[in-house]
Amino acid sequence: MPPFTHLHVHSNYSLKEGAAYVSDLAATAAGMGMESLALTDHDGMYGAVRFTLACRGAGIRPILGAELEWGEGFHAVLLAENAAGWSNLCHLVTDMHLSQRAQTLAPGRRPRTSFEQIAERSEGLFALSGCEKGEVAWFASLGRTDEADEAARRWLDVFGTGHFAIELSNHLLDSDVLRNQKLMDLASDLGVKTVATNNTHYVTPEDAVLHECLDCMRRIVALTSRTSPRKNSEYWLKPVSAMAELLPEESIDNTAWVADLCRYELPMGEFHFPRLQTQNGESSTSVLARRCWSGLQKRFERITPELEERLQMELREIRRGGFCGYFVLVADIVHHAKHVMGIRCACRGSAAGSLVAYALEISDVDPVKYGLSFERFMNEYRVEIPDIDVDFESARRQDVNQYILDTYGERTAMVAMMDTFRARGALREVGKALGIHESEVDQIAKAFPHISARNIPEAIESLPEVAPLGLKASKLEALFDIASRIDAFPRHLAMHPSGVILSDERLADLMPMQRSFDGFLMSQYDKDDVEALGLAKLDVLGVRMFSTIAHTLSEIERSSRLKVDIDRIARDDLKTFELIRESRTLGCFQIESPGQRELLGKFQPDAFEDLIVDISLFRPGPMKADMIRPFLNRRAELEAVDYGHPSLKPILKETKGVIVYHEQVMRVIAELTGCSMGEADRIRRSLEGAFEYASQEITVEKADPLRTDVIKRAVERGWDGKLAEKIWDEVLSFASFGFCKAHAAAFAVPTYQSAWLKAHYPAAFYSGVLTHDPGMYPRRAILADARAHEIQILGVDVNLSHSDYRTEESGGQLAIRLGLQDVKGINEAEISSIIAGRPWRSFNDFCLRAEVARPVVEGLVHCGAFDAIKGGRSRRELYWTVEQEWSSREQARSDQPSLDLAVAEQITLPGIADYSDREKVKAELEVIGMDASRHLMSFYLEELEALGWTRASDLVRKKGRSQVLVAGVKVATQTPPVKSGKRVIFLTLEDGTGQADVTFFEEAQKKYARRVFDGWILAVRGTVRRTGARGVSILAEEVIDLKGDDDLPKLWYSSGGSAGR
Amino acid sequence: MTKRYNESIEVEVVSAPGPGAGVLMPQAFSWRGNRYQVERLLKYWREAGEAWDPEKVKDHECFRVEAKGGTYDLRHDRLAGRKNKPQWKLLRVWD
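So the sequence lines, in the order shown, correspond to chains L and G. Count the first sequence with the working numbering and you get residues 1 to 1061, in order. Count the second sequence with the working numbering and you get residues 10001 to 10095, in order.
I should point out that these hints are in silico values taken from the structure, not numbers from a laboratory. Please note that the accuracy of each hint is not assured.
To be verified - In silico lysine-lysine, DSS-like type, Cα no more than 30 Å apart, as pairs: (1) L/Lys726 x L/Lys649; (2) G/Lys10043 x L/Lys238; (3) L/Lys982 x L/Lys624; (4) L/Lys982 x L/Lys602; (5) L/Lys193 x G/Lys10043; (6) G/Lys10043 x L/Lys231; (7) G/Lys10003 x L/Lys231; (8) L/Lys133 x G/Lys10043; (9) L/Lys958 x L/Lys602; (10) L/Lys238 x L/Lys182; (11) G/Lys10003 x L/Lys182; (12) L/Lys182 x G/Lys10043; (13) L/Lys432 x L/Lys133.
To be verified - To give an idea of the interface, some chain G residues facing chain L are shown, with a C-beta separation under 10 Å as derived from the structure: (14) Asp10059; (15) His10060; (16) Glu10061; (17) Cys10062; (18) Arg10064.
Glycine included, C-beta positions come from ideal geometry on N, C-alpha and C.
So here's chain L without its partners, still in its complex pose:
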């Protein structure tokens, strides 16, 4: 067989125009003995990096290119011969996507370039004339030979015979033979070579149906024989033999010539760090060093030789890696965000272990004081680029992104994120394309939990929710078949919310870019691609707790004129730790979940360092590995502390001999072998690689060589062999669960700060939590917590509420005034109109002047926002006024415009009572999703007393195994994956005095699972299980649904966000 290369190939990165995984294409081509393969997706190079990796894995050479639409809709295939060509292709694609036309495309339409642009960017590119939509082929098949000839000459003028070829393809279509004949004649007239291509869209003919279906989704049409793009199923990755049967030998042979010319490969395994633009030509190394030394003086009163040495070492390493410019850039961004824009921010992750980061104020934890290691972040054995992740106030994250893009222009771009098909989305879209009725598809799609499309057939078999729908019908088989086969196919390119590429002016030559939905400049590459290409990026993460803290601080300042410098507060505050030890931590960062609160009760932290331990221990790994119990026992002095060897005591003292942190694993290894911390980190990482999380097993063949090596070196250093083995085994069992202390320490800061604020300024803190909703609980649970802490709640009021939640003086105490932001259906313009028009003197005044839609006005009436100005009228009467007012407006609109805008006179309906307390709460739940005027449970007191109710706050005094009945509003249900496969349901009920945590095992689940999931005001009878001095949980035996036929809505549940299953 002659050597042959497919030069015109689409993968599923053609976004609904191709049905092949790049990995399948590469493997199939390699399996057919091909030496190279091109990828020419539509509109861009989304798959270039993954394709390159796939080809390398399969042992073939990738050829990179794209198929672009230009002019009036012609197609052309461009292949990169060299770096100049690639850069030109990137610019063509980027310009095309950024063009005016591309911003407003109808569905199914593509962005376009022009012949002139291609001509300008032709250097280093090889042009193929394209499929039947290519300019030359198009005119040739219409028999317009002169125009075909003229077109071919134009291309030839630009590219020359050495870089242009005419594509011949034969899909056994009616028209193929004639067209090819004409193209061959033309080619021989002009002296242009022909190449055989197959415009490949899928790997095997069986996948033609996928292509067809995807294409209809793209164009938003139902799939019929009329709309189908498919003429037949011949557009697959054919072997040479099949191609040779269909097309002339010469065109087959010429593919090798083209393949040989196109030798560009993506540069991987190199780093592209931003080159810094400094004013006086100062090197980035010098800028970094200068800033670090002056930063260090601000951070420390006295610069000890130890500090000096550490900073020098870090700077040396950073310079060696070439990261100086990157650090300076990140420091600039963080500095600007903090001091100019006033946004709270701090870095997380291993970077927090760096003194450089601390000196530059990128991080806020002192790595020396807390024993954090720089080598965990960066060392001579780490080949990947160090990533600095910085947390910013979530509410202002876009401002930060915008600032970076505005300031650094074309030197930065957002990282993309490929949205892929998953079960529900796949079913919805395939169903629509197959013309299955929307409601039917919707019902089917809804029945599916978010599972991957590949698992749909099993899901039909095994999921009880899905079985009764009777989906076996043969009509639906096609739906499921196709949906499951497009599993994980790229769907469209979205913006990664946090990744910003930091580069320099070369960026536009390196990668194709386009605009995100909301207008940000965005790479066509995702996070993994960017990493593989060695580009530096900054993760701009949004943390709601930072916004919460910012809001709390501004509320404190507003109400008491006190400026709290939260970053300078003492970290040993008694009141704060009292709150933490009593686990009154709802709303606090990281320590608010039922499980965390149980742990806090047992742990009884009393120092900042304890919070670092607590955050590190409360994770699935350490919990499963039972690391918590030995630690707690030793801490409570129930168990002796054993360090294994005196030399390990300084390393493990802080955690009572239990290995909790990565940094400890590294130090123990360094202690055993005498190796550097950098090498210790390498060994730690290899150990991590030997551990498989799913089975919780260590792969012996990977771990054993490490063991042999470490023990040999330990013995050489004079360790007793047996002891070294024992210590190694200890390291082995904890290494995989250890946590990065630098990250935990960084997180412990907002944890402590939030607890401090809650302890000292509860009203301001709750207003922050309610405004920014940072945690796992629905707002109404936070509100209940505030009430339990004796803070008064003031309802929505058109004259007094702000958009957000604020503190307000009431009876000498600070209370919380509910904001307008959560009123159902309200928008920002309406809020502005309400605030700008104040004071509102009466309801009629409001109707006259406020620009607020009727349903929102009704909502405001309903939840009592006019109670203070409604005079003697009831909310029901106001409703009447709304009705009158709006129907007269209707009339005014249909009649002649009238100048008489006076609102219908006050309507009084004597004898109509105002809302009862119960109705008020019902209305609040409907409009703002919270029981604001009083706690929901207050309506059930009588019933509960009769049942022998125990309040959540009284549970702590109950003995183990005693029988209790707890009740409350459902706050959360969790069904964590359990290794044994037996499902356990955790239910948290909130009753106004606190929360009760209930556990359901199999027996109780059988009877009550439905009730637990569907109900929302529940009482549970069960047995008390003591889990520690303050820890209580209840084993459920019976569940009573208190709500019954009650009319209280459960809107908070659907609108409350995080309370889901």
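With chain L held as given, fit chain G onto it using these hints.
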């Protein structure tokens, strides 16, 4: 001038030799009671089967042949036979 028929026909086939082996080539066909001997195969192409139905995803094979009285387009539906549907149709006749 062509006329569309889309009528079922009986076809005698022979397996194609050499490259393209496996394709069943029409040798003769019977239509409306007459038997037509295929004199020359003019063209072979493939058309999409019925849209979207994965059961019918296989392409139809089409043949343009010369026989007594003119040029005929025949279509072979490679899956239809499984459901007792006629496999061969006469699509159109070229005068």
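Going down the list of hints, with the structure as the test:
With a CA separation close to 15 Å, the supplied pair L/Lys726 and L/Lys649 stays within the 30 Å bound. Note on G/Lys10043 and L/Lys238: the hinted pairing holds, with a Cα-Cα distance of about 21 Å set against a maximum of 30 Å. Distance check on the hinted pair: L/Lys982 and L/Lys624 sit about 15 Å apart at the alpha-carbon level, within 30 Å; holds. Taken as a hint, the L/Lys982 and L/Lys602 pair is honoured in the structure, with Cα atoms around 26 Å apart against an allowance of 30 Å.
As the CA atoms of L/Lys193 and G/Lys10043 are separated by approximately 27 Å, the hinted pair is consistent with the 30 Å bound. Distance restraint check for G/Lys10043 and L/Lys231: the Cα-Cα separation of roughly 17 Å lies within the 30 Å cut-off, and the hinted pair is therefore satisfied. Our distance criterion of 30 Å between C-alpha atoms is met by G/Lys10003 and L/Lys231, whose separation comes to about 22 Å. Simply put, L/Lys133 and G/Lys10043 have alpha-carbon atoms about 23 Å apart, close enough for the 30 Å limit, and the pair holds.
A hinted pair counts as satisfied when its Cα atoms are at most 30 Å apart, and L/Lys958 with L/Lys602 qualifies at roughly 16 Å. Between the alpha carbons of L/Lys238 and L/Lys182 the distance comes to roughly 24 Å, so the proposed pair stays at or under 30 Å and holds. Under the criterion of a C-alpha separation no larger than 30 Å, the hint pairing G/Lys10003 with L/Lys182 is consistent with the structure, at around 28 Å. Taking the CA atoms of L/Lys182 and G/Lys10043, the gap is about 17 Å. The hint holds against a cut of 30 Å.
A C-alpha spacing of about 28 Å is found between L/Lys432 and L/Lys133, which places the hinted pair at or below 30 Å, so the restraint holds. The interface hint given for G/Asp10059 holds, since its Cβ lies 4 Å from the closest Cβ of chain L, which is under the 10 Å cut-off. Given the 10 Å rule on beta carbons, the hint for G/His10060 holds: about 8 Å separates it from the nearest Cβ of chain L. Interface restraint check: G/Glu10061 against chain L, minimum CB-CB distance 9 Å, threshold 10 Å, status holds.
Here the hint on G/Cys10062 is kept, as its CB sits about 8 Å from the closest CB of chain L, short of 10 Å. Taking 10 Å as the C-beta contact cut-off toward chain L, the hint placing G/Arg10064 at the interface holds, the least distance being around 9 Å.
Of the numbered hints given earlier, the model fails none.
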